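Note that the protein sequences, when read in sequence, are chains A, B and C.
Counted the way the working numbering counts, the first sequence spans residues 1 to 175.
Counted the way the working numbering counts, the second sequence spans residues 1 to 241.
Counted the way the working numbering counts, the third sequence spans residues 1 to 415.
Keep in mind that the hints were calculated from the coordinates and are not lab data.
Don't take every hint at face value.
Computed spacing ranges between beta-carbons, pair by pair [unchecked claim]: (1) GLY117(A) <-> ALA163(B): 56 to 64 Å; (2) ARG115(A) <-> ASN330(C): 50 to 58 Å; (3) SER16(B) <-> ASP331(C): 26 to 34 Å.
Take a look, some chain A residues computed to stay more than 12 Å from chain B by CB distance [to be verified]: (4) PRO53; (5) ALA108; (6) PRO156; (7) LYS165.
On a predicted model such as this, the values are computed, not experimentally measured, just so you know.
Even glycine gets a Cβ: it sits at the ideal position worked out from N, Cα and C.
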Amino acid sequence: MFSNQVTKDEKISLDISLLVYYITDTLMQFAAGEIKIGKSMNDNKEIYFQIQPSSGVPIYKQIVEQVERLVAGGYLSPGDELPSVRKVAVHFEVNPMTVSKAYSMLEASNIVERRRGMGMFIASNSDNAKSVKQRIELIRPSLEEAASQAKQLGLPNEKVLELLKKILEDNNGKQ
Amino acid sequence: MGNSDVIIRLEKVSKSYGDKQVLKNIDLTIKKGTIMGLVGKNGAGKTTMIKSLLGLLKLDSGKASLFGEDSWDLPGEVKQKLGYVPQSVNGFDGWMTVDALLEYTSVFYDKWNKNKVDHLLKDWNIDPKARFRSLSEGEKQKVAIIMAMGHEPELYIFDEPVASLDPVARRSFIKELIDLNIESGTTMLFSTHITSDLERIAADVAILKDNELKYVGGLSDLKEKYGEQLNLEDIFLELNK
Amino acid sequence: MKLIFGTIIYYFRSYTKFNIILLLISTIITCHKIFFLGSGDSLFSHKDITFSKFIFIVIFTVFMLGLFWRILLILIESFTSDILQMIPEIRKNTLYLCALILSISFGWAIFIIGAGDINILIHFSILNLWIVSLFLTIVSKALVPIYRTRKLWILKWIFVLFSIIIPIITAKGPSRHPRLYIFLISTFLIVLLYQLINFIRNYINFRTDLISNHKTPGSKIDKLQDMIENFYTRRSMKTIDKLKTGQYSKRSTSLVHIALFGNEYLFLWLFIGLITGTVYVHFIKEFSPLPLFVGIMLYFGLVSLQVTYMVFRQKFKIEFLYTSLCLTRNDFEKLLLKTVIKCHLSRSYKTLIAILTAVVINNIFLDAVSFIPLIIYIASVYLMQIIVIYMYWYNIISRRDYALIKQVNVIKYIS
Numbered sequence: 001m002f003s004n005q006v007t008k009d010e011k012i013s014l015d016i017s018l019l020v021y022y023i024t025d026t027l028m029q030f031a032a033g034e035i036k037i038g039k040s041m042n043d044n045k046e047i048y049f050q051i052q053p054s055s056g057v058p059i060y061k062q063i064v065e066q067v068e069r070l071v072a073g074g075y076l077s078p079g080d081e082l083p084s085v086r087k088v089a090v091h092f093e094v095n096p097m098t099v100s101k102a103y104s105m106l107e108a109s110n111i112v113e114r115r116r117g118m119g120m121f122i123a124s125n126s127d128n129a130k131s132v133k134q135r136i137e138l139i140r141p142s143l144e145e146a147a148s149q150a151k152q153l154g155l156p157n158e159k160v161l162e163l164l165k166k167i168l169e170d171n172n173g174k175q
Numbered sequence: 001m002g003n004s005d006v007i008i009r010l011e012k013v014s015k016s017y018g019d020k021q022v023l024k025n026i027d028l029t030i031k032k033g034t035i036m037g038l039v040g041k042n043g044a045g046k047t048t049m050i051k052s053l054l055g056l057l058k059l060d061s062g063k064a065s066l067f068g069e070d071s072w073d074l075p076g077e078v079k080q081k082l083g084y085v086p087q088s089v090n091g092f093d094g095w096m097t098v099d100a101l102l103e104y105t106s107v108f109y110d111k112w113n114k115n116k117v118d119h120l121l122k123d124w125n126i127d128p129k130a131r132f133r134s135l136s137e138g139e140k141q142k143v144a145i146i147m148a149m150g151h152e153p154e155l156y157i158f159d160e161p162v163a164s165l166d167p168v169a170r171r172s173f174i175k176e177l178i179d180l181n182i183e184s185g186t187t188m189l190f191s192t193h194i195t196s197d198l199e200r201i202a203a204d205v206a207i208l209k210d211n212e213l214k215y216v217g218g219l220s221d222l223k224e225k226y227g228e229q230l231n232l233e234d235i236f237l238e239l240n241k
Numbered sequence: 001m002k003l004i005f006g007t008i009i010y011y012f013r014s015y016t017k018f019n020i021i022l023l024l025i026s027t028i029i030t031c032h033k034i035f036f037l038g039s040g041d042s043l044f045s046h047k048d049i050t051f052s053k054f055i056f057i058v059i060f061t062v063f064m065l066g067l068f069w070r071i072l073l074i075l076i077e078s079f080t081s082d083i084l085q086m087i088p089e090i091r092k093n094t095l096y097l098c099a100l101i102l103s104i105s106f107g108w109a110i111f112i113i114g115a116g117d118i119n120i121l122i123h124f125s126i127l128n129l130w131i132v133s134l135f136l137t138i139v140s141k142a143l144v145p146i147y148r149t150r151k152l153w154i155l156k157w158i159f160v161l162f163s164i165i166i167p168i169i170t171a172k173g174p175s176r177h178p179r180l181y182i183f184l185i186s187t188f189l190i191v192l193l194y195q196l197i198n199f200i201r202n203y204i205n206f207r208t209d210l211i212s213n214h215k216t217p218g219s220k221i222d223k224l225q226d227m228i229e230n231f232y233t234r235r236s237m238k239t240i241d242k243l244k245t246g247q248y249s250k251r252s253t254s255l256v257h258i259a260l261f262g263n264e265y266l267f268l269w270l271f272i273g274l275i276t277g278t279v280y281v282h283f284i285k286e287f288s289p290l291p292l293f294v295g296i297m298l299y300f301g302l303v304s305l306q307v308t309y310m311v312f313r314q315k316f317k318i319e320f321l322y323t324s325l326c327l328t329r330n331d332f333e334k335l336l337l338k339t340v341i342k343c344h345l346s347r348s349y350k351t352l353i354a355i356l357t358a359v360v361i362n363n364i365f366l367d368a369v370s371f372i373p374l375i376i377y378i379a380s381v382y383l384m385q386i387i388v389i390y391m392y393w394y395n396i397i398s399r400r401d402y403a404l405i406k407q408v409n410v411i412k413y414i415s
């Protein structure tokens, strides 16, 4: 489970030929476009965030928040590799500097760590998996938005809760 | 000569046409690898700014420079690194075929990536044997873009390059640019009305209003300033109220 | 009525400078006629040609040709201008207007020439009719859709070339072979009538929905045009290949020549040359003296100059060349000047050869004429043109803002 710690030790005591091997291997992976992300995820889908360029929320923030949520929800575990900046930029057709900024911010808040020659990986801090209590605070803004809309429409609370329950059940089914 | 990282520099640039002042004390610095969007109403001075950078217009005051060289008389080596797509495609003779036109342009430059040019022609579905004048506006614009890309410049200056392109073509073009930026760190100055395109490709944005640059900086910072409630189009409308 | 007035104002406003120049010159000519020339002898007679009369005839010739050109521009404009299309029956009314202008100017010209010698009048009328026929052929090439079946266009140009005989024999008068004379003139008039009727009918009835893209007899001309343009493309590609392999230096004028003069119609200059040579020989001898020839040459010189000058006003092209050619400003401007002068010299050279050929042919079969005044005159015209090109270059290009050049649209059949 803590395989990344072993890798760190290995790296320190590497001799030149192994170093060359790692570098060429990574380059070959780049070239082949085969960067695997997330061990617990379906290998057909490689990129799990969505980006809306024409939203009021800056793109880098969208990425940061989504990665935070995925980590908090346990969908991304320590040691999982994030798709490369290039891959994300090309996939979503957005400026790579924006993606780079997002990754830098994630690195600064210790959610991800950069491994030289290999890419960005989810950091090994165990307290990244947040408690339910912390996680639920992350959806507070969306629920507040929904509540305010419900009030504007003059909807009774029970109806709203009924709908929310149905949606959650449907979503679970889709998973 | 200054910092070799700075590709475009405008210092206290002013320009008037007769009584009408179009640019007032503009300061702008664009570093290597930046993709900057230039936004402004029609007649706000976007084309004026771009043309003064290229040496097609003389400034009343201030200095404009590309790659550290004064814009009014750019040396040949700087122009080799520059790709310009103008707003109007009327500069090209209609009687030439597309491939002849591209061959002709290739002679101007020291290096020319023919593979890339052929690949783009195929990608964008343009018949190389077609006469230029028989193409639609959108196809003409695509050819103009390819002509600017063939010599693999380090700096692109686009003056409303996608005005006549359909959404599919625009996305394909943006994708091409992003690839370039990733691969070669090309700098781009992009003047356009289509804010959704800018939101994808530009990390920085410069907004021209009332002859001045009302905002120059990161697009994300701009959105945060407006409480993350407005997209670029809305912000632009706000500023122009 | 308001509409008619408005239309005439519109015609006046487009090409304002040209219109004002024409009006000024016609006033000067009229004044000169009234106050200086008696109503005695005819303008074109050989006796007592003073220097001022010489100049007068030159100016008069240039004016008449300029007037024809203006009428041609009116015809083209009514066909192509968006604003005018909104006026009902614009083309019919344009034809009325042109007929009116032609009649008035014809009457005025007769007044200027003097109604003394009837032969001169006949000659002058036939000459004008020949010019009308020439301009009709030009229009049919410029406004290609007008003739729906365009397969005979080569015949049209050959007709123009041979019909130059007609004004010439009217200059000589009918005394030698009266029956041949009448036969030739009537043939010419019949063909001209047919041209006029055909032109008028097509001009009025032309409908854009009748231009079809599939193969009609008229599309043969597209094929021919295609062939010519393929020829130019191939020639340009040869130059480009030479440039790529370094046979021409990168500062060579051939590089810019393609962009500025790419699809040059060589034939036009040869054609002008042949006509001019023939005109020279005959008009000198008969009662249309040298000044007439001088006027015609001057006129073609002005047209050629106008065409050359328009190169400097191709703003979009110049902007494109300046940003892509990777030359410094100085080198670029010098290269432009060199290219235009070189092209002009090459055209003049071709025209000169054609003129001399025509004179030689005339000398062999008909009366001999001296070359020397011709060569001196032509050389001086071309030299003057080079000076004027330099002046245009200095004022429009040198050290200027290329973005502020006023773009001028070239009429396509004169490159």
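Exercise for review: Mind verifying the non-interface call on PRO53(A)? Its CB should be farther than 12 Å from each CB in chain B.
Suggested key: violated (4 Å)
Review point. Non-interface claim for ALA108(A): all C-beta distances to chain B beyond 12 Å?
Key: Per Cβ check, ALA108(A) is outside 12 Å of chain B; nearest 15 Å; holds.
Exercise for review: Look at the Cβ atoms of GLY117(A) and ALA163(B) and judge whether their distance stays inside 56 to 64 Å.
Suggested key: violated (43 Å)
Point to revise | Closest CB of chain B to the CB of LYS165(A) still more than 12 Å away | key: Holds, because the least Cβ-Cβ distance between LYS165(A) and chain B comes to about 30 Å, which exceeds 12 Å.
Review point. Is 50 to 58 Å right for how far apart the beta carbons of ARG115(A) and ASN330(C) are?
Key: Hint holds: Cβ distance 55 Å, inside 50 to 58 Å.
Point to revise | Status of PRO156(A), Cβ more than 12 Å from any chain B Cβ | key: Given that every Cβ of chain B is farther than 12 Å from that of PRO156(A), nearest at about 29 Å, it holds.
Practice item. Take the C-beta atom of SER16(B) and the C-beta atom of ASP331(C), compute their distance, and say whether it sits inside 26 to 34 Å. Key: Since SER16(B) and ASP331(C) have Cβ atoms about 30 Å apart, the given range 26 to 34 Å holds.
In the structure shown, a violation is registered for the earlier hints numbered 1, 4, in ascending order.
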